[in-house]
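From first to last, the protein sequence lines stand for chains A and B.
Just so we're aligned, residue 1 is where the first sequence starts under our numbering, counting upward by one.
Just so we're aligned, residue 1001 is where the second sequence starts under our numbering, counting upward by one.
By construction, these hints were calculated from the structure, which means they are not laboratory data.
Bear in mind that the values here come from a model prediction, so they are computed numbers and not experimental data.
All C-beta atoms, glycine included, are put in the ideal place defined by N, C-alpha and C.
Keep in mind that the hints are not guaranteed to be accurate.
[To be verified] Once the Cα atoms are required to be at most 30 Å apart in a straight line, the calculated DSSO-like pairs of lysine-lysine come out as:
hint, chain 1, residue 1, chain 2, residue 2
1, A, K220, A, K164
2, A, K220, B, K1296
3, A, K120, B, K1382
4, B, K1381, A, K220
[Said to hold, decoys possible] Here are some chain B residues pointing at chain A (derived, C-beta under 8 Å):
hint, residue
5, R1007
6, E1218
7, G1220
8, Q1298
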Amino acid sequence: MRKSIETPTDSKNPVIQTVGMTRRFGEATAVNQVDLNIQKGMIYGFLGPNGCGKSTSIRMLTGLLLPSQGQISVLGYKLPEEAELLRPKIGYMTQKFSLYDNLSVEENLNFVSQIYGLSKQSAHTRKEELLHLYNLNQYRSRMAGSLSGGQKQRLALAAATLHKPELLFLDEPTSAVDPENRRDFWEHLFDLSNAGTTILVSTHYMDEAERCHALAILEKGVKRADGTPQALMDNMGANVVELSGPHLRELKSKLLLSDDVVSAAQLGTRLRVLIRDHIPKPEKWILNLAPQCEAESVRPSLEDVFVMATGHHHDEPAITEVGHVQ
Amino acid sequence: MFNSLQRVSAIVRKELIQLSRDRMTFGMIVMIPLIQLILFGYAINTDVRQLPVGLLDLNQTSQSRYLTQAVEATNAVRIQYVYYSLQEAENALTQGETKAVLHIPADLGQRLALHPNYPGNAGRRANWSQPSPILPVAQWLVDGSDTMVTAALKSLRAMPLSEIANQFVRQPVASFEIVQYFNPEQRSAVNVVPGLLAIILTMTMIMFTAAAIVREREQGNMEFLITTPVHPMELMLGKIVPYVIVGLIQIAIILGMGHLLFAVPVRGGLLTLLAAALLFIFASLTIGLIISTVAKTQLQAMQMTVFILMPSILLSGFMFPFEAMPAPAQWIAEALPATHFIRLIRGIVLRDASLTGQTFDMVWLLGFTIIGLIFASIRFKKRLD
Chain A
1 MRKSIETPTD SKNPVIQTVG MTRRFGEATA VNQVDLNIQK GMIYGFLGPN
51 GCGKSTSIRM LTGLLLPSQG QISVLGYKLP EEAELLRPKI GYMTQKFSLY
101 DNLSVEENLN FVSQIYGLSK QSAHTRKEEL LHLYNLNQYR SRMAGSLSGG
151 QKQRLALAAA TLHKPELLFL DEPTSAVDPE NRRDFWEHLF DLSNAGTTIL
201 VSTHYMDEAE RCHALAILEK GVKRADGTPQ ALMDNMGANV VELSGPHLRE
251 LKSKLLLSDD VVSAAQLGTR LRVLIRDHIP KPEKWILNLA PQCEAESVRP
301 SLEDVFVMAT GHHHDEPAIT EVGHVQ
Chain B
1001 MFNSLQRVSA IVRKELIQLS RDRMTFGMIV MIPLIQLILF GYAINTDVRQ
1051 LPVGLLDLNQ TSQSRYLTQA VEATNAVRIQ YVYYSLQEAE NALTQGETKA
1101 VLHIPADLGQ RLALHPNYPG NAGRRANWSQ PSPILPVAQW LVDGSDTMVT
1151 AALKSLRAMP LSEIANQFVR QPVASFEIVQ YFNPEQRSAV NVVPGLLAII
1201 LTMTMIMFTA AAIVREREQG NMEFLITTPV HPMELMLGKI VPYVIVGLIQ
1251 IAIILGMGHL LFAVPVRGGL LTLLAAALLF IFASLTIGLI ISTVAKTQLQ
1301 AMQMTVFILM PSILLSGFMF PFEAMPAPAQ WIAEALPATH FIRLIRGIVL
1351 RDASLTGQTF DMVWLLGFTI IGLIFASIRF KKRLD
């Protein structure tokens, strides 16, 4: 059995549900037996490094790729058979900017509203609303190709939400955006979520993942863990201790020799050490190994969870079962 | 239904805006037909005249000079090089300096005296009981690899020799009289310009549509577009309608300029012309769509366009008469929309032929378009795999 941390929300009304979703490209398996259960109104994150199967998963959930195996149900529609019925109800923001560079901001939005069959009146109202909401009003006649990364991203979000979809897919939406724009962008996402839109977002930024209501950690196409960020941190199976003192580099190599130390990473003058939770008093335990140092127990971060879930130093059943990791 | 129309018109409008901003493509729409028309209208000439040739005169008498003048007077050739030995002449042929050499043998006088075409000989000959072998008076050494040149020189074979004898040339009574309908002056442009319509439209229509769709895929627009409710058929239609307009503009340019520059008549009705042109434009655009479902990059789309373009130029009847081709080549030609269109357009433009007589070509183009459209929209998957 796969170890999976139950999400606290009720699981009766899933917007996205998959069982054993798998996609192979020739010999390679891009997504391997992924089960998902995503509730309405959630911001759900896919966290993982590049090539972990985030985009492939999103493309299967939007009906753009056929699954090699497994069942997928999105908004109650069975995929891939009912993909066309699903289309009007979802919005999709691609990883690469996919609107037209040689159309202006306004022309792009007009085009999208016609494609989604909005009436002239509502198309106009919606366009003005979005131009103001996403701060694009002063750029309305500028060519989309000449916008900055942040502006492009806001335009793409406006286009993806123009027809008020129930479900929004965002594939690495902030990869070409500076931190301030990223923060603003997430504010917009929370507004959308508040209004009842379910959002599935993929990212490789820990801080973004932490903002999600729930997330799945993907690695090499396998779901390593899922749950709310808090539950993931609480149940990660290790304690975090930060050491400060002399000779941190040497100390790090020494600590890593122990089977009970999952990882040790230097953060400036401190060494962040993950110790398996079967060690009862980790602070004391580590001071035996590093007598000249000071030790302090700290709150785990999502990065620690990520390391625990995907790192090479653990023996989770899910990992040995798949057999990817030595 | 209404939504469907709205989506098609959204794509058409978008495409037109993009086209108007793409100066390069916009320029090509006008310049390709214009330049090619001028180029081919003047250059393509199947009627060989004033061909530069060499002369090897081993006779060097007044008779040989008269013969040379008579040959030049036909206007078929123009003597540009003079050689003094057979070896030199053959060498010139090998080097490609000239395509043909007139070889006048040293015994020209003797040969003329025996030749039946030489005035005064005809009556005498009949009395001879034991004729010595009759030889042609001179020889053409021709680079036979060029069939057009060879054919032109072959027409000189039976040239009358009376002129050499300084006698009045009596026109022989022809066995056949040739009445030249539709193009009495035998100008190549009259035949070339309507054919050029087919070639230029084949090139631009296929290339533009194929590139227009493949570009969306290359630039990533397609990934967004296929998650919207747009139907493949709507996308296909929306993509080809703007290029129908482009095609009509090009037809107007070619026929208009053809009329101004080369006095090519447009004898048929404009509505008939429009009907035939639309059928062909749709058929060509359909090929473009099919290519776009196969090609992954714009470069591949270009290469596939050339693959269709070459046989369209060579087999459609544009360059060589369709009827003279071997049967298998005719089968291939029949599969190309250009062949049917060239038949139609030459009929309409040059002969004012009615469409009822050309139903087969019309129906063929229509059928090709419908089957092609269905095929392309089946092949076009709203998926990435």
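Against the structure, the hints:
no.	hint	in the structure
1	A:K220 - A:K164	violated, 33 Å
2	A:K220 - B:K1296	holds, 27 Å
3	A:K120 - B:K1382	holds, 27 Å
4	B:K1381 - A:K220	holds, 28 Å
5	R1007	holds, 6 Å
6	E1218	violated, 11 Å
7	G1220	holds, 4 Å
8	Q1298	violated, 15 Å
The structure fails hints 1, 6, 8 (numbered hints given earlier, in ascending order).
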